[in-house]
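Starting from the known structure of chain A, fit chain B onto it as the hints suggest.
Residues per chain are reported as follows:
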Amino acid sequence: MNGPIRRIALSIFVLFGLLLSAVTYFQIVVGPDYRDNPRNLRVIAGKAGKERGIIVTIDGTVIARSVSNPDDSRVFRRSYPEENLYSHAVGYATLLFGESGLEETQADVLVSDRDSTISGVIQALLGKNIRPEGIVLTINHRLQKAAYEAIDGHTGAIVAIDPTTGAILAMVSKPDFNPNLLLGTSAGSYGDELAARPDRPLLNRAIREVYAPGSTFKVITAAAALENGTVGPGTTFPNPVHLNLPGTSATIRNFGRSRCGSEATISLNEAMSLSCNTTFGMIGLEIGAGQLTAMASAFGFGLKIPFDLTTAESSIPTIAAFENDLPAVAQSAIGQRDVRATPIQMALVAAAVANDGWIMSPYLTEKIFDSSGEVTRHTTPIEWRRAVSPSTAEALSGFMESTITSGTGNQAAVPGIRIAGKTGTAEVPGASPNAWFIGFGPVQATTGTAKIAIAVMIEDIEKGGTGGTVAAPIAREVLEAFFSD
Amino acid sequence: MTRSAEAALLIATVVVAGMGVALVNFASGGGLDAQVALTLLVFSIAIGAIHMAVRRWAPHANPFIFPLAMFLTAIGFIEIYRLDSRLVSIQRWSLLVGAAASVALLYALRDDGVALLRRFRYLFLFAAVLLLLLPLLPSGWPLHGIEVNGSRLWVKLEIGNRYASFQPGEVAKVLLIVFLASYLAERHIAMAIVQRKLGRLSIPEPRQLGPVIIAAGASFVILVYQRDLGAALLLFTMFVGMTYLATSRMVYPLAGSVLGLAGGLAAYRFFDHVQVRFHSWLNPWDDFAGSGFQIIQGLFAIGSGSLTGAGLGSGRPDLIPAAETDFIFAAVAEELGFGGAVGIITAYALLAALGFGIALRAREVFLKILAAGLILVVTMQAILILAGILRLLPVTGITLPFMSYGGSSLVANILLLTLLARVSHEVRP
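Chains A and B, in that order, give the protein sequences.
Residue numbers for the first sequence follow my numbering, so the first one is 1 and each next one is one higher.
Residue numbers for the second sequence follow my numbering, so the first one is 1001 and each next one is one higher.
The shape of chain A in the complex, shown without the other chains (with noise of 0.2 Å):
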């Protein structure tokens, strides 16, 4: 009978193998995906309590930190001190919505890797740092508020640089949104009003769309015809009251409709200043597509831009496209027509004019620190692509200063700072125009000053509006702002 009892015994031993085998094989080998499987509820629901790493401000204001439960120490609720102010450019890290902006292109550094992975264990035995890590932004808060207060009541976006470093100094989109309030308890109300708003509060303006950029594109098809050798600063360019295009009956008329100056020709400077658009179109004409959207490529259109957040991409149509088409190489040469562009590419277009050329990595996150306050990665700027040679640079440094002192772009000036800068009315087929400044500051300072370079874009302008009334002024604020410490 022992026999029978033995067989019965290594038979049920074979099954406990098998059992041990397959918790092995669920637990263990294939267990790290069921654990991250976006299906399991334990990886939001993980995320949400988990204590996610501090974000500060250059200058040491606190925009979002994790508070502790106070019921229960190892449960983690996000707070946003600065509430709307910071709504875009850091986001927010909730369980209902995701996450969005620097909490989500971060959330590596500020999420703790506090769980059970083998890795985890072997680390924390170790007595390595397993709480999370901290953000210093490059933002400086005093400018950022300055810019938000500059575009309250407007929709659009301000994105303002470092020229030299590519640092962010203030990124602002309007409408926005108090990430606070999709953490609490009506977060699933508030989170579905703001996602059905036809203004897109939760649109971040200053990246994730683009715009035609109307006149501040000239910078660029100016920069193509320097380049070019066709033209130099003082080239002079018949002035018609408007210029007839090609194989059309349609025409570009300057604004108001009247000659550009009161001159029968024009110097490329004064055009620049007074923003002629038929003086740009004849350049673009001359010039050609290729050139045209060769600089626009250097510029960066068509690129995608590296960054710390996800941006889009700034664009003007291919060769192909223009071909035997000259009516729509004239209107893209003034940003019209089929070129778009997001606030931040038309930010660093104005800083490669203040940089030499040189367009520097744009660039969010100043260092991170662990919990002790160790600094464990410092952003070291890096070019990103030359736009111009220093002298063309220079060359459109000039005639954006023009622009501030004497054309469209006075009330963008700040008394005893030299700045220059560019507008732009965008027409938009169907709605109202859209106004840009692009600009930044100080001309030809020496080095070790702090520069700024700057685009200020508002949609849908009222009546009568143009880049010089609307956004110039909202830029002066920002610069004003920024030259005043």
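No false leads were slipped in.
One side of the interface only, derived from the structure: several residues of chain B facing chain A at Cβ under 10 Å:
{"id": "1", "residue": "Leu1245"}
{"id": "2", "residue": "Phe1288"}
{"id": "3", "residue": "Phe1329"}
{"id": "4", "residue": "Ala1341"}
{"id": "5", "residue": "Thr1346"}
{"id": "6", "residue": "Gly1357"}
{"id": "7", "residue": "Val1365"}
{"id": "8", "residue": "Ile1369"}
{"id": "9", "residue": "Leu1376"}
{"id": "10", "residue": "Thr1379"}
{"id": "11", "residue": "Leu1386"}
In short, the hints are calculated from the structure, not lab data.
A virtual CB, placed ideally from N, CA and C, is assigned to each residue, including glycine.
For chain B alone, coordinates are given in the frame of chain A:
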């Protein structure tokens, strides 16, 4: 010597239970409260009573049976407390009832040993069949069956507005083992030797096998009718396994496998819920929100537990449907990790080793069959539900012995091991 080793191990399980409850409290910000004290008190009383009874009436019993069982009970109890602290009050009472029943059983067997049970074998068979029939009593009667999750295996006793519910099948299981062991001990020689020829196949004399086939068939039919296929499978394994070890004839497990397969196919053919379970076993992701939900939630829990587990009270086993009953192993695997999961499986394997060791050492046929039957049933029950959770088999709704929430199961399994302990006392080396 052996008894003091048992005492030390039992004290350790009491400490494990108390500390586990305390850890669950700590995890949610609580501390040492009345629940910790009650746990220590109830486990001390229950375990102390069993230990004293063993010292008195079964002093030569194997000293590791109760520590292993109580360790599993303690881990299950902690996890039940962690999942829903309102459930532990019933679980505590069940442990006390189980301990009292164990003491009473040891007392009853003090002079004549388990041999006493042989006298009542047909009474046990009758009682077992009656118990298995109880859930079919129509609702409206004071004692009636209730349907839970599509299976009718619970009985509810209602007097006025007070009621108690229990699963009679759990106790029937133990009674059937005792009946079968007695019957087989008497007939095993006849069953093994007296044979008929059917063509070239030699089969046992039907007359000898009759009662076994009738008992197996009846309980099987009843359980299938109640849609409790897990228990049906367990009872089937029990009948086939015990007949095989009593007769040493391979024809039983072979015929059993064929019958089992045929029965499985028939169940698949005629029961929708069997088809659903079968499909959700093979392709749980096809119906993530429906039939595959429980099995996937179990795997999510096990995978999330990883190597060391989330820690008691720190995981989310509450996301698993039926975490405190059928899927308690997944909950433990999440919070205690791979270490805990392997520990649980190892504890059942050790229990199996002890049980089969006792059966091998026993010289008397009845004791041999009884010990082997007891350990076969309790370990197969554990294996069936664990294999369901770990996708080796379709999920069958049966409890994990000692760990799952449920008074009937705990009491019945304590009684089962009490019998095994008594057998080990009688076959002492």
